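Engineer: Fit chain B to the supplied structure of chain A, relying on the hints for placement.
So the chains spell out like this:
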Amino acid sequence: MDAWWQCEVPYPYVPQEILDATDSVRASLPSKYCDPKIAADLFEQVIDEFLLCDDLGMNVLAIEHHAGINSLLASNPMLLGILARQTRQVRILTLGTLISLRQDPVRVAEEYATADVISRGRLEIGFVKSGGSEMASANANPINNVERYWEAIDLITKALSHHDGPFSWEGKHYTHRHVNIWPRPWQQPHPRMWSATGDPDTAAEVGRRGLVHVLVLRGPEGTRRAYAAHRKARAEAGLPKVTTDNFAYAAFVYVGDTDEEGLRVGSKLLWFLHTSLKSAPQYSRFLPGSIEPHLAPQVYRSAPRPGATILSANQNAARLTSISVEGAQAQGILFAGNPDTVYRQIMEFYDQVGGFGHLTLIGRSGYMTHAESEKGIRLFANEVLPRLRAIKPVTVD
Amino acid sequence: MPDGVSSNAVSPLTAERLSIAGVDLEVVRRGAGRPVLLLHGLQNIQPDARFLDLLGRHAEIIAPSHPGFGSSSRPADFETVYDLVHLYLALLDSLPHEKVTVIGLSFGGWLAAEIAANSRRLDRLVLVDPLGIKVSDRETPDILDVFNTSPAEVRRRMWHDPARWAPDYDTISDEDLVVRARNWEALCLYGWHPYMYNPQLKRWLGAIKAPTLVVWGASDGLVTPAYGRAYADLIPGARFELIAGAGHHPEIEQAETFAETVARFLAR
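In the order they appear, the protein sequences are chains A and B.
Residues in the first sequence are numbered consecutively from 1, following the working numbering.
Residues in the second sequence are numbered consecutively from 1, following the working numbering.
One chain only, chain A, in its complex shape (with noise of 0.2 Å):
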């Protein structure tokens, strides 16, 4: 099993009370309350720890969000360039720009290429599809995103990978008559390619075209199905087994020397959860083609009826709002503690889902300090890695 280590550079520095009179901490909230001071030092102590991590062997991952107080990282390829230059030996993913908000697929192609050219065939792609606040942020339409989102991966794959000259794309969402993009990838025919999803019909995509298969924060039973249904998709399409290299899971990971220090410091992780998920109705329950119509009466009514069933991912993010840090644990949404804790809950969840091989660590959030962010680190690169390692890849049923 690989790691990938990752911070998302949230900023928690705004009143409370400004937190509490707000609808939305997302897309709407002023940016007079970042404080750009603050905010380079943000950039500083988190750019260290990834650089951190590269000292340590500890894979690096890049992540996209816009206009929040859960992360100021509005510029993946920005972060992308600097990992790219200041790692030396450790592979970097990006998960990712948010391809269905950019209006030129082809232009992603060309940051993605110069970053694995400059990182000498260390890059790896990976896709998300946004939703929610990040559809007012970048003005994009939420219904069809989707087809954005699978449309420009096409495009993006083909311009990485067409070295004979300009090709034509007239595609339903994206036109380019001219596309030959300078330099091309380090790594031939591309980089290897990853996408986040939990839904089924996503999720069976993914599993057809072979991509790596991230779930976040989804927890056994939506990670067991969605894993499920990408094995489930590939056998109905004659295509060969997977091993567990296919699939990843992201939680939020904390390692101290003790399970008092681990606990206590990880469970600063879970702010993400507590205060910046925080999304106004018109970004979430009611943002149109975030739920199936028949799925109305249960999400756009003030109290749900009894008996609903809980299924999209606005419903999953009201779910985590509230959590516990035993809750947490208990879902495989937070491995935190001593060394042998961390590593026994990562294995209990890698049996519970069928087995991944690649988790991501989100490793620094809310209030957590550099230097407690810097110990998680070592323990986790120098105590943890190595039995993760250990784990080899296995073909699964």
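The hints are simulated quantities; they were obtained by calculation from the structure and are not laboratory data.
Since the structure is predicted, the reported quantities are computational estimates derived from the model, not experimental observations.
Across the chosen pairs, the derived CB separations fall in these ranges:
1. B:PRO75 x A:PRO281: 27 to 33 Å
2. A:TYR33 x B:ALA230: 34 to 40 Å
3. B:ASP161 x A:ASP48: 55 to 61 Å
4. A:TYR33 x B:LYS209: 53 to 59 Å
5. B:HIS86 x A:ARG208: 31 to 37 Å
6. A:GLN103 x B:ARG156: 31 to 37 Å
7. A:PRO281 x B:ARG120: 43 to 49 Å
8. B:ILE172 x A:TYR13: 38 to 44 Å
9. B:ARG120 x A:ARG208: 48 to 54 Å
10. A:GLN103 x B:GLY237: 37 to 43 Å
Built from N, CA and C at the ideal position, the CB exists for glycine as well.
Structural biologist: The following block gives chain B in isolation, referenced to the frame of chain A:
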């Protein structure tokens, strides 16, 4: 009296079906008299709406739900106002009447204006709080962004008397909520970008030949009466009438006054 009347003596509260250009549409019909194509706004027409009965005393109302709204089908890749305009031009051609009056409400007013600029078959045109054009400068939105504004604020600006007229999602039926979710999705698909207007339409409003009435709810906070006056000024000879005590839906909040205003215009 108008010509080519096909009588529809029964007023069923259930919708009929109509197939136009291969698209299966739900259609509410009411009344008898001159033919009127009624194009709905943000929501499809409720068959039990009071204004339908009132207008039906003066005209034969044909009110389809747009593809993706109500129970009308939406073919794959039928996704733009361009598609809707061509669908309704085909619908007009399919009617036995030489001339047809078109009434467009809100989003349907945008469609009606596009159709009127494209067709010689219009007898009269009535636009009710229509969307569809850009009037103010680039940093002043004319049309409230219903997708990016809190539902409470949309409700407040949509109605003169929200407590009386705004739908309560906690009490309306499951079936109605499912239809509203469908409508919301279709509206977003057609109208997201540029938001609820066609940058080119303003230029072509001057080509509208049919006598036109622009009706506006005086309390409309979704698109203001000032926008309405600017809209009317762009259509040659258009009359503009404000209806007091109504927001974005004068046909619902002031059904009697609305029906009288329209009937008076049609009788001229």
